[in-house]
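**Student:** Now for the letters of each chain:
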Amino acid sequence: MKKYRHTLPVALAVAFGLLTLVGLLFAPTIGDSLMSWAMFLAAIALILGIINLLGVHARRASAGNLYSAVLVISALIVFILALTDFLGVTEDSVEASFSLVQAPLEAAVAILLAFFLLFAGYRLLRRQRSGWSVLFIVSAVVVMLSQTHLPPLLDKVFGWLDGVISDVIIVAGMRGILIGVTLGAVVVTLRVLTGSERPYDK
Amino acid sequence: MDILSVVVIMLIVIGGAILMRWLSFRISSGRPVGLRPLSGYVALKTQSGRAVESGRGAHFSLGRAGLASQASPASIAALSALDYLTEDGCASDVPPLTTSGDGTLMLAAQDSLRGAFKSAGRPGEYQPRMAQFLAGSDFAAAYAAGASDVVNSETLGSNLLLGHFGPEIAIIAEAGKRKQLDQVIGSDDPTAMALAVTATDKVLLGEELFVAGAYLQGKPTQVASLQLQDVMRVLAIVGILLAALFNFVVG
Numbered sequence: 001m002k003k004y005r006h007t008l009p010v011a012l013a014v015a016f017g018l019l020t021l022v023g024l025l026f027a028p029t030i031g032d033s034l035m036s037w038a039m040f041l042a043a044i045a046l047i048l049g050i051i052n053l054l055g056v057h058a059r060r061a062s063a064g065n066l067y068s069a070v071l072v073i074s075a076l077i078v079f080i081l082a083l084t085d086f087l088g089v090t091e092d093s094v095e096a097s098f099s100l101v102q103a104p105l106e107a108a109v110a111i112l113l114a115f116f117l118l119f120a121g122y123r124l125l126r127r128q129r130s131g132w133s134v135l136f137i138v139s140a141v142v143v144m145l146s147q148t149h150l151p152p153l154l155d156k157v158f159g160w161l162d163g164v165i166s167d168v169i170i171v172a173g174m175r176g177i178l179i180g181v182t183l184g185a186v187v188v189t190l191r192v193l194t195g196s197e198r199p200y201d202k
Numbered sequence: 001m002d003i004l005s006v007v008v009i010m011l012i013v014i015g016g017a018i019l020m021r022w023l024s025f026r027i028s029s030g031r032p033v034g035l036r037p038l039s040g041y042v043a044l045k046t047q048s049g050r051a052v053e054s055g056r057g058a059h060f061s062l063g064r065a066g067l068a069s070q071a072s073p074a075s076i077a078a079l080s081a082l083d084y085l086t087e088d089g090c091a092s093d094v095p096p097l098t099t100s101g102d103g104t105l106m107l108a109a110q111d112s113l114r115g116a117f118k119s120a121g122r123p124g125e126y127q128p129r130m131a132q133f134l135a136g137s138d139f140a141a142a143y144a145a146g147a148s149d150v151v152n153s154e155t156l157g158s159n160l161l162l163g164h165f166g167p168e169i170a171i172i173a174e175a176g177k178r179k180q181l182d183q184v185i186g187s188d189d190p191t192a193m194a195l196a197v198t199a200t201d202k203v204l205l206g207e208e209l210f211v212a213g214a215y216l217q218g219k220p221t222q223v224a225s226l227q228l229q230d231v232m233r234v235l236a237i238v239g240i241l242l243a244a245l246f247n248f249v250v251g
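Quick note, the sequences are listed as chains A and B, same order.
For the first sequence, position 7 matches number 7 in the numbering used here, and the numbering has no gaps at all.
For the second sequence, position 118 matches number 118 in the numbering used here, and the numbering has no gaps at all.
In case anyone wonders, no lab produced these hints; they're calculated from the structure.
Where is the CB? At the ideal position from N, CA and C, for every residue including glycine.
Mixed in with the good hints, there may be bad ones.
What the hints assert, rightly or not - Anything over 10 Å on all C-beta distances counts as not near chain A; from chain B, calculated:
#1 Val13
#2 Ser100
#3 Arg129
#4 Lys179
#5 Val238
Said to hold, decoys possible - For each label pair, taking beta carbons as the anchor points, the in silico distance ranges come out as:
#6 A:Arg175 <-> B:Val7: 48 to 56 Å
#7 B:Pro123 <-> A:Ala110: 36 to 44 Å
#8 A:Gly55 <-> B:Pro123: 55 to 63 Å
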């Protein structure tokens, strides 16, 4: 039995991987069914993740961490709202809590990214005064200036520079990186399909 | 799906698998392979030593792509790096604190830690909370906030971010920067890569992330897959040049 402890998961993973691939290529219904199984298992994993999150933060809250206490209480409130929605006591209260609390907070954090970027660029120039870091900052400044209201002549010049940077240099670089990423992803997939990469078997 | 796409996919899968086996056989039979040094992997290799010296472990964040998602190859590559670090870290009593933005990744990370403690002969020391779930994969800002909180509140020596991240990586890297942690960042997302460059020199760009196993563990099949990646890159370049030439000549 011990012998099969490692070979059985590998055999199952390779078999289901190949079956999914063949299914997606030749019989989409089989491929879709297997993908929906995977999604179901991912949903179960999400529930386990939430239990883990609550466990970690309940422990920290009991040690006096206020943020963790807020997290645990918020999770319990949303759970109760989901329950009352299910029982028909309230209507769409989970969605309302998301659109009133979660969405604005996410948007606020996303806006902070601009400031982080600004500081990161400044620090890059301080840390590493190379030609590349200067190019990075100059490109960022040119692209930002092109998005602002400038006198017509400057607007034309910065608009043209923005076009060259965004449509030629960045697109070319992005495509090169994406081709590399795709090749890497294909090779990792091949390793999993042939059983030489086993994230499920330690 | 059209016939041409099916044929191309089958050719890549079957041809790639055969070529990888052959390359792996060549490496197993003693053919030397030279790998160019990548600063990110050099830093990861010395991570355990530094953790033991300073007594401060690492925060390893695996990103937000689940094992059933389209970006799963990045997560699988990150798990390879995690396996290497947990093996060293658990043996030296400084296991990495792992965080993830997906339930399947959390389970895989827990499995990696459990296996490493078992290999180190101390299975009783494993605790599930060593691998933490932060937020669902759709909530990038919540994930960034959770990871930043871990960086800020724990006693750490380094901040390792490998996997699928978006622009939120800037927030996590900023937290690491403020605590003056050593940082290694690798992502498959071009925006995240650009942001990572501003935070650290130890960045794994694009395809470099996917060769974690070859650089850290160096098993013949992993190194063979790196060689296969190079072969495929050459074929892609030749294909692009031929297509451009054809377009130029024929119009």
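**Student:** Taking the hints in turn, state whether each one holds.
**Tutor:** Results for each hint:
1. Under the 10 Å C-beta cut-off, the non-interface status given to Val13 of chain B relative to chain A is violated; the minimum distance is some 7 Å.
2. The Cβ of Ser100 of chain B does not lie farther than 10 Å from every Cβ of chain A; its closest approach is about 8 Å, which violates its non-interface assignment.
3. With a least CB separation of 5 Å from chain A, Arg129 of chain B falls inside the 10 Å interface cut-off, contrary to its annotation.
4. The Cβ of Lys179 of chain B sits about 14 Å from the closest Cβ of chain A, beyond the 10 Å cut-off, so the non-interface label holds.
5. For Val238 of chain B, the requirement that its beta carbon stay farther than 10 Å from each beta carbon of chain A is met, with the minimum near 13 Å.
6. Hint check: Arg175 of chain A to Val7 of chain B, Cβ distance near 24 Å, so the stated range 48 to 56 Å is violated.
7. Our hint of 36 to 44 Å for Pro123 of chain B and Ala110 of chain A holds, since their Cβ atoms are close to 42 Å apart.
8. In this structure the supplied range 55 to 63 Å is violated for Gly55 of chain A paired with Pro123 of chain B, their Cβ-Cβ distance being about 20 Å.
Against the hints set out earlier in the document, violations occur for numbers 1, 2, 3, 6, 8.
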